[in-house]
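Got two chains here, each in a separate frame; can you build the complex from them with the hints?
Respectively, the protein sequence lines represent chains A and B. With the working numbering as the guide, the letters of the first sequence map in order to residues 1 to 411. With the working numbering as the guide, the letters of the second sequence map in order to residues 1 to 82.
Don't read these hints as lab results, they were simulated from the structure. A couple of the hints might just be wrong.
[Unchecked claim] To list a few chain A residues with every Cβ distance to chain B over 12 Å, as calculated:
| hint | residue |
| --- | --- |
| 1 | 71 |
| 2 | 76 |
| 3 | 79 |
| 4 | 86 |
| 5 | 126 |
| 6 | 136 |
| 7 | 211 |
| 8 | 232 |
| 9 | 234 |
| 10 | 262 |
| 11 | 263 |
| 12 | 280 |
| 13 | 302 |
| 14 | 396 |
[What the hints assert, rightly or not] Chain A is faced by these chain B residues, among others (derived, beta-carbon under 10 Å):
| hint | residue |
| --- | --- |
| 15 | 3 |
| 16 | 28 |
| 17 | 56 |
| 18 | 66 |
| 19 | 67 |
| 20 | 73 |
| 21 | 75 |
| 22 | 79 |
Ideal Cβ positions, reconstructed from N, Cα and C, are used throughout, including at glycine.
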Amino acid sequence: MRYAVLFGPPNSGKSTLFNRLTGQNTSVVNYPGSTVDVTFACLKDHSSVTFAATPFIDFIDGAFTMLGHGVAKHIPSGLFQNFIVNGLIAGFSGIIVFVPQIALLFLGMSVMEATGFLARSAVLIDKPLSKIGLNGRSFVPLLSGCACAIPAILATRTISNRRVRMLTMLAIPLMQCAARLPVFGLLLGALFSSPIHGAIGLTAIYLGSICLAALTVGITNRFSFKNDDSSNEFMIQLPKWRWPLWGELIRTMLKRTKAFITGAGPIIFIISLVLWGISEIHIGSSPLIYIIGQWIEPVFKPMGVDWRVGVALILSFAAREVFVSALAVVFQLSEDAAFSLTNLTMTDSVTPIFSTGTIIELILFFMVAMQCAETYAVLKKEMASAKWPNLILIGYILLAYVLAVLANTFI
Amino acid sequence: MRFNINIDILTTLNNLSIAEQRTIKKISNDLVSEQLATFGFHVGSKLKIISKLPFNGAITCEANNTRIAIRADDAANIIVMD
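Extracted from the complex, chain B is given alone in its bound form (with noise of 0.2 Å):
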């Protein structure tokens, strides 16, 4: 007997690279999450990464043609898979 075992890699937004792109998972934080509905990001959103500044600075994403930047820290509560 065989099984098809689907595998969701999850990560959080903070780790992905510049031009990567994913699907919003889970976000561990409801005031992010409240922000992010503001800017039309919810669960199921497919976004990319546009930048990152260095130092753990702040992450540039697009999701629906619409680009924000956020916090390395308020990005780690978004969890993403492929």
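Excised from the complex, chain A in its bound form (with noise of 0.2 Å):
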């Protein structure tokens, strides 16, 4: 065997060339900025990426529609026709139609790693970070972490201080991730009228969470490491400014999103079965999500929600975005009508549900709420424990059902 070596300085495109020779994707340096092997993360500006692909979603919405409609006109009704159209297409659907949106947040990723930018916004913040006991090299998997927590988490291997790496993977699931923007969108709907004033909301929710994530990682470092001595030395290597390829942005955006789609893809389309089985399935004259209500109500009574919420708000474990299409599930809604809120009322049909309260309590649950179960699940993978990711688990969402409870106490 013949072996041939490839070296340059930073960012001249030695992947890029190894790529092309290979004809794989491989990263091959890691370290931020330059072709890193996990660094998902989001624009500053969520409306932007959702308005842009706001003609792509309503594309594939309305294919979905017409397949469904196609569809059922072949098929005699009843339960078969309900679970192909309801169940299976509208699973289906629920997956594709964040694409456009997942897609452009990872372009405008990728943009931002090939220029060199993201290296040197590690060296900027490295100097605050430092004081809660993280450094720079934590920048990017929290900036990765408002996308998507599990790429977030894999990408603190490049973090070599364990302490740094554990107070980073701390603070991750306290960013709010993109599957988190629809339900934050709906709520939001509901709480204000302008648009101007949702995205007053919207920045306060992502400073909000921002301050929390840093007392929490503050009060851990301060605490729970107080006996680890080892440093915290922070450099890195800067590349060089450069024009990205586009060529090589497109490679790795459709990378990153055949991967978000094959990661996330199967638990939402499941979860969307598992809703349609429960709603469908009937015990006795009752539905079976009426019955699993009922049992899980007085852990909600404190929060003032009824039981559908509690149901969605439990469904949404297994993805965060679940939780807008089981409250039109639960609520037996069209997904365009679980978009106006504040009309949904208790079962006595005359209290609203959705209160002012009730809106911002909600809100600082999700925010709070650790993210997903596969964020868990991966925790556990990269803690390499049980104890940390469940004390992670159990914690934030004690701390966002207090924090729901005296909001629905105090508002």
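What follows is the structure in structure tokens.
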């Protein structure tokens, strides 16, 4: 076998040439700003991404609606037709409809990475992060957490110091992932009529979660790692500024979008089918979803919501965006109707469920409660222990619950 | 009788100003030394200060056509000479 060595200054295109020659899409250098293994994140302005993706989202949504109508015409009405149209097709649509938005987010992230912007951002943010026990290398995973916690947790592998890595992983679930955006959009839309107020509300959510993450990490660093005197040094190689290569950007975007679909897609699909199943299967005269809801209602009563919101909250632990479709199912609404939350009432048909206090408490709950079951699984694998992931899971859910109950009591 | 005495003026990296060039004489912290070695910086390397962030922030320096940013506290472990 003959060996060839490829070397050159940072960001000179070694990885690009390597991938061109071998036909692979391999990450070669393992630091931010170059061809990093896992560095997914979001653009600062989600609304512009959503706006740019809207025509594609509408097209996909329309195509699946037409497909559902078309299939329904050829299958006799009944449970099987219901399963195909509202279970299978709706479940598959729930995955594909997110793709344009996610792909655009990944494209924006790849641009920032390829130009050398991310490494410089890590340098700028190092000083404030060092005050709470993190360092500049924590920046890329934390930013990535704004898109999806799973690749963000994997991105902490570039942090060599164990304490810093654990603290970064502790903070990631408090970053607001893209999956929470549909939920915040729904809740803020019901809270504010003006889009400007909604945007201010969303900014407050992001700033609030950053403050909470800083507080949590700072306290944990001070008390849980007080005997850990490992040094928290920081140095990073700075690649030269360069124009990104479009072919490389598109390939990276497609690779990451595919990873997102194959990672999160099956879960969303299965949850959609489970939701369809528990809302259609009856035990006696009551649907299964009603029986489950009645059983868990005492837990959610202090939050001021009824069993239907409780069911949607529990199901959203599989994937945050499931909350919206789960509300639509449990309130037996179309997806569009689910967006007018203020019209929904308790089972007495008079008391509105979503008052200002309830919406704020749900926002607080979604801000703090850990992201999803997959995040827990990846945390467990990367922390190589059950203790910390369990503490994070229980701690964040308890904190979210207490904040929600307090909000319901005082607002 | 005459003696020629060479006096090396030693200081640490964080005390240098922008555009100053010095040679690394010693790295007093093993971890910092290890990390610098991964970027090709070692005792004897000639480095140049490119920029310094305000409020005792990170220092950007260059050696052998490689540019790195290093925290000012870590830079204090790098002893340099003329």
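- Message: Need the list of violated hint numbers for this structure, in ascending order.
- Response: Violated: hints 5, 6, 8, 9, 15, 16 and 22.
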